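Under my numbering, the first residue of the sequence shown is numbered 1, with each subsequent residue one higher.
No wet-lab data here; the hints were simulated from the structure.
Small disclaimer: the values here were computed from a predicted structure and weren't measured.
Glycine included, every Cβ here is placed at the ideal spot set by N, Cα and C.
Each hint should be verified, as a subset may be incorrect.
With a straight-line cut-off of 25 Å between C-alpha atoms, the simulated SDA-like cross-links for lysine to any residue are [unchecked claim]:
#1 231 / 177
#2 231 / 132
#3 82 / 149
#4 121 / 18
#5 291 / 38
#6 8 / 68
#7 291 / 68
#8 39 / 149
#9 39 / 284
#10 289 / 270
#11 231 / 70
#12 121 / 205
#13 231 / 149
Computed spacing ranges between beta-carbons, pair by pair [to be verified]:
#14 252 / 116: 34 to 42 Å
#15 297 / 137: 23 to 31 Å
#16 176 / 119: 22 to 30 Å
#17 148 / 112: 42 to 50 Å
#18 190 / 70: 22 to 30 Å
#19 160 / 17: 29 to 37 Å
#20 32 / 2: 25 to 33 Å
#21 79 / 228: 21 to 29 Å
#22 239 / 73: 45 to 53 Å
#23 2 / 129: 46 to 54 Å
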Amino acid sequence: MDLCVTIKGVSFLLQTGMGIFGNSVVLLAYANIICTEPKILPVDLILCHLAFANLMLLLTRCVPQTMTVFGLKDLLNDPGCKVVIYAYRIARALSVCITCMLSVFQAVTIAPAGPRLSRLKSALPSLVLPTFAGLWLLNMAICIAAPFFSMAPRNGTVPAFTLNLGFCHVDFRDYLSYVINGVAVSVRDFAFVALMLGSSGYILLLLHRHSHKVRGMRRSHGGGAETRAAKTVVTLVVLYVLFFGIDNVIWIYMLTVPKVSPVVADMRVFFSSCYASLSPYFIISSNKKVKAKIVCAAEQDQPSADNQESSER
């Protein structure tokens, strides 16, 4: 195994391992919060669903990609490729949609109350689950073409207008279907990114205008929690947009050439998965509820480990 392949394999392995571990920890922490706390904020439900979508993305894309880089072949047959590619497309779409949803919900939460906005704020908790269902149905419909073009790798050369994922091929057969698929995915992504940027800009504007008021609320009414949540949302959006930009620069390049180099495809996979791998650690570091559950679990494990060590002595 040459140095380039080794570096690529180790990079994917670290990214995948860190991402799966981080998102699993966030999911377990939120599962405990949902079971033990009587009232769950919309932002907590959204962050929990974001961790699930990111975990699904890593399992369906980065795990087989890592195995392929290390030389494992014939991982999936045609039906397996169709299921995995379809699940990956949905997970990737949900990642951008739920990040956008998080930004919009947080913007509504901290916006100045008015007659109509007050009703919307009170209705936010009841809108979370229907919005999840709508996003799932929307993306399942948009991504429905992916299974029809997915297949296990064939021996020989890779045909033109085929995305070579290593463990699977996505063969669009002609330039028109190749471009239509790419444009449909890009339009959906750019629409949600534009919406999340607009709502995040509004959040920053509100935080800037009402900084003194927010400090007063923090002292007297506990308004600091909303401010911390707003800053968390804005940082997640910035993180997503950074990797989204790199991802789509590579994607636009891939749409302009009939045959994509495996190195270029691997670079796109790596950068498009960075958000899924890094975001859970930012959630853990910035969310007091999640951090408290992790610390509590660690403290519960510590006495049992000490007791076991004492009994062994």
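Hints, verified against the model:
1. Between residue 231 and residue 177 the CA atoms are separated by roughly 41 Å; this puts the pair beyond 25 Å, and the hint is violated.
2. For the hint linking residue 231 to residue 132, the alpha-carbon distance of about 23 Å falls within 25 Å, and the restraint holds.
3. Simply put, residue 82 and residue 149 have alpha-carbon atoms about 8 Å apart, close enough for the 25 Å limit, and the pair holds.
4. Proximity of residue 121 to residue 18 is assessed by CA-CA distance (about 36 Å); at most 25 Å being required, the pair is judged violated.
5. Between the alpha carbons of residue 291 and residue 38 the distance comes to roughly 19 Å, so the proposed pair stays at or under 25 Å and holds.
6. Annotation: proposed proximity of residue 8 to residue 68 holds, straight-line Cα distance about 11 Å (limit 25 Å).
7. For the suggested pair residue 291 and residue 68, the alpha carbons sit about 35 Å apart, so the restraint of at most 25 Å is broken.
8. For the hint linking residue 39 to residue 149, the alpha-carbon distance of about 44 Å lies beyond 25 Å, and the restraint is violated.
9. Straight-line distance between C-alpha atoms of residue 39 and residue 284 comes to about 20 Å, which keeps the hinted pair within the 25 Å bound.
10. For a cut-off of 25 Å, the pair hint linking residue 289 to residue 270 is broken: about 30 Å separates their Cα positions.
11. Taken as a hint, the residue 231 and residue 70 pair is broken in the structure, with Cα atoms around 39 Å apart against an allowance of 25 Å.
12. Straight-line distance between C-alpha atoms of residue 121 and residue 205 comes to about 19 Å, which keeps the hinted pair within the 25 Å bound.
13. Taken as a hint, the residue 231 and residue 149 pair is broken in the structure, with Cα atoms around 41 Å apart against an allowance of 25 Å.
14. The beta-carbon spacing between residue 252 and residue 116, approximately 40 Å, falls within the hinted interval of 34 to 42 Å.
15. The supplied range of 23 to 31 Å is broken by residue 297 and residue 137, whose beta-carbon atoms lie about 35 Å from each other.
16. Distance hint for residue 176 and residue 119: a CB-CB separation of about 47 Å, inconsistent with the stated range 22 to 30 Å.
17. Between residue 148 and residue 112, the C-beta spacing of about 48 Å keeps the proposed range 42 to 50 Å intact.
18. Between residue 190 and residue 70 the beta carbon distance is about 34 Å. The supplied range of 22 to 30 Å is therefore violated.
19. The beta-carbon spacing between residue 160 and residue 17, approximately 35 Å, falls within the hinted interval of 29 to 37 Å.
20. The supplied range of 25 to 33 Å is broken by residue 32 and residue 2, whose beta-carbon atoms lie about 45 Å from each other.
21. Checked against the hint of 21 to 29 Å, the C-beta distance between residue 79 and residue 228 comes to roughly 46 Å, which is inconsistent with it.
22. A C-beta distance of roughly 34 Å is found between residue 239 and residue 73, which places it outside the suggested range of 45 to 53 Å.
23. The hinted window of 46 to 54 Å between residue 2 and residue 129 holds, with their beta carbons roughly 50 Å apart.
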